[in-house]
Amino acid sequence: MSDLSAFPITKKWPAQHPDRLQLYSLPTPNGVKVSIMLEEIGLPYEPHLVRFDTNDQLSPEFLSLNPNNKIPALIDPDGPGGQPIGLFESGAILLYLAEKTGKLIPADAAGRYQTIQWLMFQMGGIGPMFGQLGFFHKFAGRDYEDKRPRDRYVGEAKRLLGVLEARLASNAWIAGADYTIADIATFPWVRNLVGFYEAGELVEFERFPNLGRALEAFLARPAVQRGLAIPARD
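Using my numbering, you'd call the opening residue of the sequence shown number 581 and step up by one each time.
These are computed hints drawn from the structure, not numbers from a lab.
Careful, some of the hints might be misleading.
As the list claims (entries may be wrong) - Computed list of lysine to any residue pairs in SDA-like fashion (alpha-carbon distance at most 25 Å, straight line): (1) Lys718 <-> Thr608; (2) Lys591 <-> Phe632; (3) Lys683 <-> Pro624; (4) Lys650 <-> Leu638; (5) Lys591 <-> Pro624; (6) Lys591 <-> Pro664; (7) Lys683 <-> Asn751; (8) Lys591 <-> Ile665; (9) Lys592 <-> Gly659; (10) Lys683 <-> Thr608; (11) Lys718 <-> Leu782; (12) Lys650 <-> Leu629; (13) Lys738 <-> Gly780.
Since the model is a prediction, treat every value here as computed from it, not as a measurement.
Work out the full structure: start from the sequences and follow the hints.
The structure is reproduced here in structure tokens:
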């Protein structure tokens with residue numbers, strides 16, 4: 581049996597199955613990236629719900645694994661060299677799991693770096709810009725009389741959607757012909773933009789039919805449907 585006692589986070593969220601990957605998350609766009617990935621690759625894992633309403637992410641135990649107090653975070657009891665490893669940042673976790681299993685990332689160097697560049701595109705652009713649009717459109721920022729901040733993120737969201745639309749006009753998936761971690765990173769955010777944030781009309785999502793087609797294909801995958809609901813909310 582694996583010994584995870586070196587990780588203080590396991591005191592707040594005890595591992596019932598310490599030989600499995602331990603996922604600390606919430607079903608948000610960033611959180612479900614990892615649960616979808618784990619469902620796709622089939623590695624056994626134990627999910628733990630990190631509640632924002634009780635500030636779990638600010639607890640000393642959580643901060644011991646991710647000092648940036650964001651979900652998701654992961655412990656692999658069988659990391660490099662057979663030693664446990666803790667990781668945070670959804671993109672880093674996706675890349676780690678892809679390389680650990682050899683799945684959902686091309687084996688050839690050129691394809692691998694093509695996939696990584698689109699993963700970075702999501703991490704640096706899609707997530708931050710869509711998140712800001714959600715704040716100014718649906719949450720506290722919607723009450724601001726000055727709509728220039730919202731409009732700035734609407735314009736940037738449209739630009740980013742246009743980049744994806746052009747890419748998907750000649751490719752089945754974001755990194756090319758094959759489904760990869762680039763898709764797992766990106767489509768939960770697109771889904772959130774038009775669904776939870778209710779910004780589809782605002783960004784004129786109907787102008788991006790290739791992106792809409794790929795989003796539907798992504799959501800039709802059984803592993804995606806399972807991963808979207810993990811960890812289960814109370």
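Hints, one by one, checked against the model:
Annotation: proposed proximity of Lys718 to Thr608 holds, straight-line Cα distance about 15 Å (limit 25 Å). Among the hinted pairs, Lys591 with Phe632 is consistent with the structure: their alpha-carbon atoms are about 18 Å apart, no more than 25 Å. Only pairs whose Cα atoms come within 25 Å are accepted, and Lys683 paired with Pro624 is accepted, the gap being roughly 15 Å. A distance of roughly 9 Å separates the Cα atoms of Lys650 and Leu638; the hinted pair therefore holds under the 25 Å criterion.
Only pairs whose Cα atoms come within 25 Å are accepted, and Lys591 paired with Pro624 is accepted, the gap being roughly 21 Å. Of the supplied pair hints, the one linking Lys591 and Pro664 holds, its CA atoms being roughly 16 Å apart against a limit of 25 Å. Taking the CA atoms of Lys683 and Asn751, the gap is about 19 Å. The hint holds against a cut of 25 Å. For the suggested pair Lys591 and Ile665, the alpha carbons sit about 16 Å apart, so the restraint of at most 25 Å is met.
A hinted pair counts as satisfied when its Cα atoms are at most 25 Å apart, and Lys592 with Gly659 qualifies at roughly 22 Å. Of the pairs offered as hints, the one joining Lys683 and Thr608 holds, with about 23 Å between alpha carbons and a cut-off of 25 Å not exceeded. Between Lys718 and Leu782 the alpha-carbon distance is near 11 Å, which keeps this suggested pair within the 25 Å criterion. With a C-alpha separation of about 13 Å, the suggested pairing of Lys650 with Leu629 holds against the 25 Å cut-off.
A C-alpha spacing of about 10 Å is found between Lys738 and Gly780, which places the hinted pair at or below 25 Å, so the restraint holds.
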